[in-house]
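Engineer: Between the sequences and the hints, there should be enough to build the whole structure, so can you do that?
Chains as they are written, first to last, in our numbering: chain W, 290 to 562; chain Z, 290 to 562.
One or more hints might be untrue.
A pair holds if it fits inside one copy or across any two, identical chains being indistinguishable in the list.
Listed below are the simulated DMTMM-like cross-link pairs for lysine to aspartate or glutamate, each with C-alpha atoms no more than 25 Å apart in a straight line [as the list claims (entries may be wrong)]:
1) 316 / 326
2) 362 / 313
3) 548 / 337
4) 398 / 315
5) 301 / 518
6) 359 / 403
7) 316 / 418
8) 359 / 293
9) 489 / 373
10) 316 / 538
11) 448 / 365
12) 448 / 418
13) 302 / 510
14) 402 / 365
15) 398 / 325
16) 366 / 325
17) 402 / 326
18) 362 / 324
19) 548 / 510
20) 464 / 454
21) 402 / 319
22) 323 / 403
23) 398 / 324
Keep in mind the hints are simulated off the structure, nothing from the lab.
The chain contents come next:
2 protein chains.
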Amino acid sequence: MTTENLISEIRKKQSFLCVGLDVDLDKIPEFLLKEEDPIFSFNKAIIDATHPYAVAYKPNTAFYEAYGLKGWKSLEKTIKYLNENYPQIFTIADAKRGDIGNTSSRYAKAFFKDLGFDSVTVAPYMGKDSIEPFLAFENKHTILLALTSNGGAFDFQTKLTGEEELYKLVLKTSKEWSNSENLMYVVGATKAEYFAEIRKIIPNSFILVPGIGAQGGNLKEVCKYGLTDNVGLLVNSSRGIIYASNNTDFAEAAAVEAKNIQLEMKAILDGVR
Amino acid sequence: MTTENLISEIRKKQSFLCVGLDVDLDKIPEFLLKEEDPIFSFNKAIIDATHPYAVAYKPNTAFYEAYGLKGWKSLEKTIKYLNENYPQIFTIADAKRGDIGNTSSRYAKAFFKDLGFDSVTVAPYMGKDSIEPFLAFENKHTILLALTSNGGAFDFQTKLTGEEELYKLVLKTSKEWSNSENLMYVVGATKAEYFAEIRKIIPNSFILVPGIGAQGGNLKEVCKYGLTDNVGLLVNSSRGIIYASNNTDFAEAAAVEAKNIQLEMKAILDGVR
Numbered sequence: 290m291t292t293e294n295l296i297s298e299i300r301k302k303q304s305f306l307c308v309g310l311d312v313d314l315d316k317i318p319e320f321l322l323k324e325e326d327p328i329f330s331f332n333k334a335i336i337d338a339t340h341p342y343a344v345a346y347k348p349n350t351a352f353y354e355a356y357g358l359k360g361w362k363s364l365e366k367t368i369k370y371l372n373e374n375y376p377q378i379f380t381i382a383d384a385k386r387g388d389i390g391n392t393s394s395r396y397a398k399a400f401f402k403d404l405g406f407d408s409v410t411v412a413p414y415m416g417k418d419s420i421e422p423f424l425a426f427e428n429k430h431t432i433l434l435a436l437t438s439n440g441g442a443f444d445f446q447t448k449l450t451g452e453e454e455l456y457k458l459v460l461k462t463s464k465e466w467s468n469s470e471n472l473m474y475v476v477g478a479t480k481a482e483y484f485a486e487i488r489k490i491i492p493n494s495f496i497l498v499p500g501i502g503a504q505g506g507n508l509k510e511v512c513k514y515g516l517t518d519n520v521g522l523l524v525n526s527s528r529g530i531i532y533a534s535n536n537t538d539f540a541e542a543a544a545v546e547a548k549n550i551q552l553e554m555k556a557i558l559d560g561v562r
Numbered sequence: 290m291t292t293e294n295l296i297s298e299i300r301k302k303q304s305f306l307c308v309g310l311d312v313d314l315d316k317i318p319e320f321l322l323k324e325e326d327p328i329f330s331f332n333k334a335i336i337d338a339t340h341p342y343a344v345a346y347k348p349n350t351a352f353y354e355a356y357g358l359k360g361w362k363s364l365e366k367t368i369k370y371l372n373e374n375y376p377q378i379f380t381i382a383d384a385k386r387g388d389i390g391n392t393s394s395r396y397a398k399a400f401f402k403d404l405g406f407d408s409v410t411v412a413p414y415m416g417k418d419s420i421e422p423f424l425a426f427e428n429k430h431t432i433l434l435a436l437t438s439n440g441g442a443f444d445f446q447t448k449l450t451g452e453e454e455l456y457k458l459v460l461k462t463s464k465e466w467s468n469s470e471n472l473m474y475v476v477g478a479t480k481a482e483y484f485a486e487i488r489k490i491i492p493n494s495f496i497l498v499p500g501i502g503a504q505g506g507n508l509k510e511v512c513k514y515g516l517t518d519n520v521g522l523l524v525n526s527s528r529g530i531i532y533a534s535n536n537t538d539f540a541e542a543a544a545v546e547a548k549n550i551q552l553e554m555k556a557i558l559d560g561v562r
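Structural biologist: Okay, structure coming up:
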């Protein structure tokens, strides 16, 4: 998917909501456990109910790998279902991969070509040659961790390297890589006060923002400095939407939560104009 | 597996060789492609032939994920085969994972409990709460990327943070984490000249050393400053061993390569005494 397609979907839906499909069999409605593939059944229902309000879905691979072969199968079915039924929706494999070049190429192939995701999250620690194999794919997007939503972000990411924090060095350095126009970045909603500084370095890039809802980030604060002329934000909510109810009404309850966020987003977009 | 078990196996075999099982269907002998599970057949033959000379095996997960469900199944069969037939051998899931706490817990469960690996490699960028879920597992080992073998290591890892390079900050900081006695570290063989400095910070920890062979690192150089009283090194070779031949003699050829390295290791260990 091109960035233009993503922007057009955002404009159409007046939403920059990403729904995180972090499925935990201990948290989904019990009656689904009787299904042949409870994870996929859950995802399908959540997607069908929330797609009018969301422009992106983001399964975190850890939740699927935790169920071994069965989990990997559920992931395959979920991305296939999305691509077949909602091709205009942006898909993110939240995998946080990164390895030496010939190995990163394998990950890129797995997520972009075989599974068919539009994007994948990657970790910057191993540098340029660990990320460029992802950037080489046309109309695919590589989402680089910059400043993450968790407390551990302060261990290394905010440490001064020379005159600037490590995450700023990551932002600046990555702009020089081949096909860097295919880069997006992860910045946690819990770090809203950093967005002004970040936008000085990457004024136009899309930023994937986890951490609203369960993790405590605030949408308005993020938008204050994060929004660009092309919106430039994908704000993710996982647990707050997908576990809104664990009864038979779980999908409707998820839709209500997604719609509430979408309405809040629409109000913000209206206000910016 | 306890660290003591690993050390005892190293002493017994006079080897600290780790064989990287990075299986690429384009590189394995063609006749194996007729098998039901060519990746597993390849791994089984390599393991059976090289195990007298190796104390560890390290499949890199990227090579398995690149084949989707089939690849994941081959990985499951490989680790099961190792645990059932060579339980004294240390196993490493080279996965380079790392995510926020509740997500890292899922990865830890997947690799330690479900798959049954002794250890997993992790990336430090997201800090303490992304790694501690791995460290919580008893008799399991978490191998933290410190200074990697690739060129991209110089993009961020060697940048000065305050008065020391980022990789040194990673080493020092990680020593303060809960259950840090379960930590090992990755330092590339191509960075042999850094080992003296690194041993000042982690005098006793095991270091997993990729990068000899195809990547150009030198075993003697690494050992000069890397060896400890308990050996403290696992030196990995992947392509140099597993692709020594791509004919019917591939397993024997791999064994010859592995034995050559083991003999070199024995000579070094003899020389240290």
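Engineer: The structure should be examined with respect to each hint, and the outcome stated for every one.
Structural biologist: Against the structure, the hints come out as follows:
Taking the shortest Cα distances, residue 316 and residue 326 sit within 25 Å of each other inside one copy (15 Å), while across copies they are farther apart (35 Å). Taking the shortest alpha-carbon separations for residue 362 and residue 313, both the intra-copy value of 15 Å and the inter-copy value of 22 Å come in at or below 25 Å. Only within a single protomer do residue 548 and residue 337 lie at most 25 Å apart by alpha-carbon distance; the minimum there is 13 Å, versus 57 Å between protomers. For the homomeric pair residue 398 and residue 315, the shortest alpha-carbon distance between copies (14 Å) is at most 25 Å, but the shortest distance inside one copy (32 Å) is not.
In this homomeric assembly, residue 301 and residue 518 come within 25 Å of each other (Cα to Cα) only inside a single copy, at 15 Å, whereas the closest approach across copies is 65 Å. In this homomeric assembly, residue 359 and residue 403 come within 25 Å of each other (Cα to Cα) both inside a single copy, at 17 Å, and across copies, at 12 Å. In this assembly of identical chains, residue 316 and residue 418 lie within 25 Å of each other by CA distance solely across copies; the values are 22 Å between and 39 Å within a copy. Taking the closest pair of Cα atoms, residue 359 and residue 293 never come within 25 Å of each other, the shortest separation being 35 Å inside a single copy and 35 Å across copies.
Taking CA atoms no more than 25 Å apart as the test, residue 489 paired with residue 373 passes in neither setting, with 38 Å inside one copy and 56 Å between copies. With identical chains, the CA atoms of residue 316 and residue 538 are at most 25 Å apart within one copy only, with a shortest distance of 14 Å there and 51 Å across copies. In this assembly of identical chains, the alpha carbons of residue 448 and residue 365 never lie at most 25 Å apart, being 38 Å within a copy and 39 Å across copies at closest. In this assembly of identical chains, residue 448 and residue 418 lie within 25 Å of each other by CA distance both inside one copy and across copies; the values are 23 Å within and 16 Å between.
In this homomeric assembly, residue 302 and residue 510 come within 25 Å of each other (Cα to Cα) only inside a single copy, at 21 Å, whereas the closest approach across copies is 60 Å. Taking CA atoms no more than 25 Å apart as the test, residue 402 paired with residue 365 passes in both settings, with 12 Å inside one copy and 23 Å between copies. In the homo-oligomer, the alpha carbons of residue 398 and residue 325 lie at most 25 Å apart only across protomers (23 Å), although the nearest pairing inside one protomer, at 29 Å, exceeds that limit. Proximity of residue 366 to residue 325 under the C-alpha cut-off of 25 Å is found in both arrangements, the shortest distances being 13 Å within a copy and 23 Å between copies.
With identical chains, the CA atoms of residue 402 and residue 326 are at most 25 Å apart both within one copy (24 Å) and between copies (22 Å). For the identical chains of this complex, residue 362 and residue 324 are neighbours both inside a copy (14 Å) and across copies (23 Å), given an alpha-carbon limit of 25 Å. Taking the closest pair of Cα atoms, residue 548 and residue 510 come within 25 Å of each other only inside a single copy of the chain (19 Å); across copies the shortest separation is 61 Å, beyond that limit. Taking identical chains as interchangeable, the C-alpha atoms of residue 464 and residue 454 lie at most 25 Å apart whether they share a chain (16 Å) or sit on different chains (22 Å).
For the homomeric pair residue 402 and residue 319, the shortest alpha-carbon distance between copies (24 Å) is at most 25 Å, but the shortest distance inside one copy (34 Å) is not. Within a single copy, residue 323 and residue 403 get their C-alpha atoms only as close as 29 Å, which misses the 25 Å cut-off; across copies the closest is 22 Å, which meets it. In this homomeric assembly, residue 398 and residue 324 come within 25 Å of each other (Cα to Cα) only across copies, at 24 Å, whereas the closest approach inside a single copy is 31 Å.
Violation of the numbered hints given earlier is confined to hints 8, 9 and 11; the remaining hints are satisfied by the structure.
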